[in-house]
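J.: Below are the chains, spelled out letter by letter.
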Amino acid sequence: MIKVEVGPADFDIGSETLDVSRQGGGAIASFVGQVRDDGNLKTLELEHYPAMTQKALQEIAETARSGWPLHAVTIIHRVGKLSVGENIVLVVTGSDHREAAIESCSFIMDRLKTVAPFWKKETRADGATKWIEARDSDRAAAEKWKK
Amino acid sequence: MIKVEVGPADFDIGSETLDVSRQGGGAIASFVGQVRDDGNLKTLELEHYPAMTQKALQEIAETARSGWPLHAVTIIHRVGKLSVGENIVLVVTGSDHREAAIESCSFIMDRLKTVAPFWKKETRADGATKWIEARDSDRAAAEKWKK
Amino acid sequence: MNRSINLVYFAWVRERLGRDEETIRLGEEVGTIGDVLDILKARGTAYAEVLSDSEKLRFALDQDYGTAASTIGSARELAIFPPVTGG
Amino acid sequence: MNRSINLVYFAWVRERLGRDEETIRLGEEVGTIGDVLDILKARGTAYAEVLSDSEKLRFALDQDYGTAASTIGSARELAIFPPVTGG
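Residue numbers (my numbering), protein chains in the order written: chain S, 3 to 149; chain U, 3 to 149; chain C, 60 to 146; chain D, 60 to 146.
Hints listed in this document are in silico derivations from the structure and should not be mistaken for laboratory results. Treat the hints with care, as some may be off.
As the list claims (entries may be wrong) - Covered stretches of chain S (chain C as the covering partner; in silico rule of three or more C-beta atoms under 8 Å from a C-beta of chain C):
#, region
1, 46-52
2, 94-100
3, 117-125
We put the CB at the ideal spot given by N, CA and C, even for glycine.
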């Protein structure tokens with residue numbers, strides 16, 4: 003089972019994890035990314051490419067499922083204006099094996115950072131805005147799965 | 003913040019994840035292990051060494067916190083008789099960085115499998131019982147962190 | 060033959076060009092994404108500046124990633140945007 | 060000097076010995092966990108069988124892991140159990 007959602011709505015980690023666990027397996031890994039308070043961040047605005055996003059996330063989920071024995075994959079990515087502490091992204095994977103669940107969850111996050119068409123713009127407490135730049139460490143993390 | 007709990011009570015993944023996220027960071031990884039239905043399993047009985055368990059889990063959490071920059075670690079491990087589909091173990095880690103959160107969560111699970119004093123006894127649908135044996139793959143997984 | 064293609068822009072590409080999409084006609088000589096970039100850069104300062112360094116840009120043809128060397132073919136939509144920063 | 064130590068057993072060690080704990084006296088000559096195992100094995104068939112293969116057993120002295128070679132010292136509790144299978 004693959005579930006992909008993109009939109010402004012928040013998600014419920016408990017119920018999403020429960021949905022994945024109902025697909026069987028017994029090993030459920032999840033990752034939640036939130037707007038991190040680094041001192042004077044006010045809001046983060048998530049822009050995306052609607053025509054491409056759903057397709058990109060679906061491909062990422064299917065690549066994960068072809069690489070690991072997974073019963074279920076859920077990817078939820080929010081867009082729009084988010085405040086410090088708010089949820090941005092949720093990935094949940096379910097497998098018979100903890101290694102498969104954890105590794106595939108990590109793989110999906112690395113792909114989301116480098117392939118999925120989202121862009122983040124931060125607004126500081128003083129009103130200054132800045133588009134967040136892609137990080138070399140994210141590219142390196144995504145590369146390591148290509149071995 | 004380190005939270006360690008051992009007992010028969012179930013846990014709520016959503017609220018435990020929320021508690022960890024409130025310690026800051028923005029990257030929260032979690033793993034849930036459940037009683038896996040492999041066809042004819044009826045129940046799993048979790049025995050432990052009460053005088054040692056809390057201490058062992060505390061040490062595992064502290065080792066994780068010294069190895070990765072973590073804001074919070076939660077480990078909950080159930081004991082007693084559990085049915086197919088029930089939760090056994092929950093690990094939640096919170097960090098500024100997704101790699102630290104995911105890796106430390108994986109490390110803690112590997113240590114739980116090889117160091118924490120728990121034993122599992124399965125009862126089959128036909129009433130046959132068997133103590134689950136330790137797996138070489140779990141030992142190998144725990145060894146890889148010693149590099 | 061007269062072809063046209065829809066251009067869509069995101070993030071600082073969108074902001075600095077002051078538009079999120081536009082449709083342009085492509086002559087016979089236009090074969091690749093790089094050719095489209097050349098047409099746009101010839102239009103004026105804003106385009107020339109924003110599109111000058113194709114290393115800093117990413118492209119998608121009908122929602123699949125491409126490079127400056129990718130052939131436009133019968134694609135209907137070309138997206139131009141900065142490296143993604145989701146997750 | 061008369062010392063005593065509390066022995067605690069878990070999982071199939073507990074089941075096959077038919078008890079979860081007992082206290083024994085240790086003479087001066089008892090220095091290591093291995094020495095305690097020898098005393099227990101001399102007691103009879105059940106102990107000899109269950110404790111025969113120390114490779115299949117794990118030990119903890121006052122709730123810290125040890126090996127057959129570990130010194131008992133002033134420890135109050137020795138746990139004998141199979142390799143753990145939690146998580």
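J.: Which of the stated hints cannot be reconciled with the structure, identified by number in ascending sequence?
T.: Hint 2 alone not satisfied by this model.
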